[in-house]
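So the sequence lines, in the order shown, correspond to chains A and B. Numbering follows numbering that gives the first Met the number 0, in which position 256 of the first sequence is assigned residue number 255; successive positions increment by one, without gaps. Numbering follows numbering that gives the first Met the number 0, in which position 39 of the second sequence is assigned residue number 38; successive positions increment by one, without gaps.
Keep in mind that a hint or two might mislead.
If several chains are the same, the list does not tell them apart, and a pair holds so long as it fits within one copy or across any two.
Subject to a maximum C-alpha distance of 25 angstroms in a straight line, what follows is the list of computed DSS-like cross-link-like pairs (lysine-lysine) [stated by the list, open to error]:
{"hint": "1", "residue 1": "Lys316", "residue 2": "Lys26"}
{"hint": "2", "residue 1": "Lys280", "residue 2": "Lys309"}
{"hint": "3", "residue 1": "Lys309", "residue 2": "Lys294"}
{"hint": "4", "residue 1": "Lys280", "residue 2": "Lys316"}
No lab work stands behind these hints, which were simulated from the structure alone.
Number of protein chains: 2
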Amino acid sequence: MTLAPSILAGDRLALARLLSKIENNLKEGLVSLNELFPHTGRAHLVGVTGAPGTGKSSLVNRLAHYYRHPPQGQTAQTVAIIAVDPSSPFTGGAILGDRVRMQDLAGDSGVFIRSMAARGSLGGLAQATASLVQVFDAAGFEIILIETVGAGQAEVDIARLAHTTLVVEAPGLGDEIQAIKAGILEIADILVVNKADRPGVESTERSLKNMLQFGHPTSRSMRLEGNVDCGEDAATLDASTLWTPIILRTVATQGDGVPELASAISSHYQYLHETGKWEDKERARLQNELDGLLKDVLVTRWRATIPRSKYQDALNKLVARRMSPHQAVADLLDGGSSR
Amino acid sequence: MTLAPSILAGDRLALARLLSKIENNLKEGLVSLNELFPHTGRAHLVGVTGAPGTGKSSLVNRLAHYYRHPPQGQTAQTVAIIAVDPSSPFTGGAILGDRVRMQDLAGDSGVFIRSMAARGSLGGLAQATASLVQVFDAAGFEIILIETVGAGQAEVDIARLAHTTLVVEAPGLGDEIQAIKAGILEIADILVVNKADRPGVESTERSLKNMLQFGHPTSRSMRLEGNVDCGEDAATLDASTLWTPIILRTVATQGDGVPELASAISSHYQYLHETGKWEDKERARLQNELDGLLKDVLVTRWRATIPRSKYQDALNKLVARRMSPHQAVADLLDGGSSR
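Work the whole structure out from these sequences, hints included.
See below:
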């Protein structure tokens with residue numbers, strides 16, 4: 000028997016055990032994942048990204064606390080937090096340890112926090128995150144906050160996993176950050192100016208507004224890149240159903256602006272459902288995962304067909320500059336191998 | 000006739016044309032690359048990475064200027080700069096435009112600057128960078144500075160392309176950056192504390208020294224992850240031939256510390272050659288490129304074998320939660336397809 004039935008029944012220990020099995024790529028983890036998958040599709044996935052120093056972690060903690068302790072008259076929601084750290088490829092454990100994050104939320108079975116560091120390839124990290132999301136989703140967590148540390152392509156890729164993407168900024172973090180925004184901004188559903196008690200908040204907010212006018216794809220068509228087949232994703236957006244990104248100020252350390260942020264996240268959730276974009280996002284996300292897995296399996300299978308000496312021989316010729324990389328690939332795939 | 004002979008003869012216009020062809024994935028670009036490849040292997044590849052706001056671009060410009068105008072008695076070297084911006088997946092052009100960078104170095108045929116933005120997949124970006132490096136190398140550029148904007152996994156992957164990796168820090172960029180360092184630090188051959196005229200430089204330098212003692216793999220074995228076969232790369236490092244990372248202060252805007260930095264880069268170059276590590280790095284780098292290309296070609300070939308309707312059918316079942324992602328992959332690869 001797998002861990003899946005216990006997880007579906009709300010067993011948190013079984014949940015933690017499965018997460019470890021998945022992170023360690025154990026076969027048992029895969030079997031449980033397959034069993035849990037039909038029970039997924041209900042959670043609201045919220046990505047939180049932005050440059051270092053913007054206070055993302057504090058904001059995520061505050062949000063989780065708000066969902067657990069909403070104002071009177073509102074129902075508390077269960078929250079899972081996945082803190083992804085793609086900048087740490089060599090260290091085994093995540094830098095922001097689980098313990099540090101737990102202080103505010105300790106002892107509450109309606110919150111589950113998991114930190115992940117990159118292991119091996121980037122595809123591996125995005126895939127591992129997708130698997131963790133599925134486990135939390137099947138286990139009945141209503142909000143899944145996916146926090147990425149850093150501000151690069153890896154973060155964008157992981158943010159694509161989410162239904163709603165928050166991009167966190169802070170005043171006074173240097174000019175280069177302004178440039179980076181242009182790329183990150185385009186994935187933002189909600190822009191949060193955190194540390195809004197600091198000087199320069201007006202100018203940060205103003206430059207975000209300006210960049211939104213230039214950079215946000217509300218006036219053009221969008222497609223998810225890199226898919227095997229994106230024919231059905233390339234539909235042009237209808238102007239009447241466009242989401243205009245919301246800009247909000249917060250001071251996470253004080254909790255200021257957090258109710259407004261939770262309300263904006265909820266508005267985006269409603270927007271996605273009312274416009275049918277929830278289904279579009281689900282489809283794009285699952286296609287992304289499917290394509291990543293396909294690549295991995297194809298390479299693994301090919302590896303099994305080729306003798307190691309043949310691979311080493313091609314590499315040797317490459318290092319000696321007797322073949323170019325493209326020529327070495329052609330040699331390996333077509334030049335007298337068993338396939 | 001391809002562009003390769005003109006490029007080998009020093010034609011800068013032909014060089015620019017080939018770079019565009021490669022960036023646009025034209026077949027002609029590939030043919031020229033294959034012709035140029037035997038002429039590569041001479042350039043010193045220097046990666047420059049670090050968090051936003053550290054002043055990497057100014058530092059790279061200053062370094063290039065120094066190599067072009069060295070102190071009397073030293074020979075000027077030719078320099079190519081590749082500015083990689085992985086944080087911008089949607090915009091077509093790089094954010095730091097070529098023009099902005101050229102001001103100091105305009106009109107000098109011994110310098111060539113190229114900005115690149117991410118197009119599609121991350122593998123694509125690393126591969127495109129590798130191709131650009133090969134063109135500059137074959138064209139006779141002696142130093143190739145590869146600057147990455149951002150501080151995540153993408154930057155680490157691109158830094159792996161280089162023989163010598165500079166990690167740039169700056170005082171006062173927030174606490175979270177301290178955490179990120181732990182991952183980035185381990186790839187640093189030279190640590191540059193730029194903006195060293197700012198308050199807090201001593202504390203930044205001290206924390207770097209502390210982290211080096213903990214984090215740098217001078218006391219453990221290192222291997223390049225994610226390769227098809229890393230048997231020959233996994234050799235344990237010999238303590239007598241270890242490189243101890245150098246920490247240097249610079250003020251790029253004033254040029255302070257730039258001669259010392261150039262000297263440290265030169266020392267690392269000598270170290271690599273004297274210890275035989277140059278060859279190890281070349282081998283690991285080319286293997287990395289080979290593996291990336293192999294994956295791409297395997298997926299492209301597989302796509303051609305499968306009817307579009309079959310792929311869409313699997314995706315539909317996935318979205319309906321009737322199959323998990325792993326089950327969909329098994330279905331596509333084994334379940335009644337032509338393979």
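So which of those numbered hints doesn't the model satisfy?
Violated: none.
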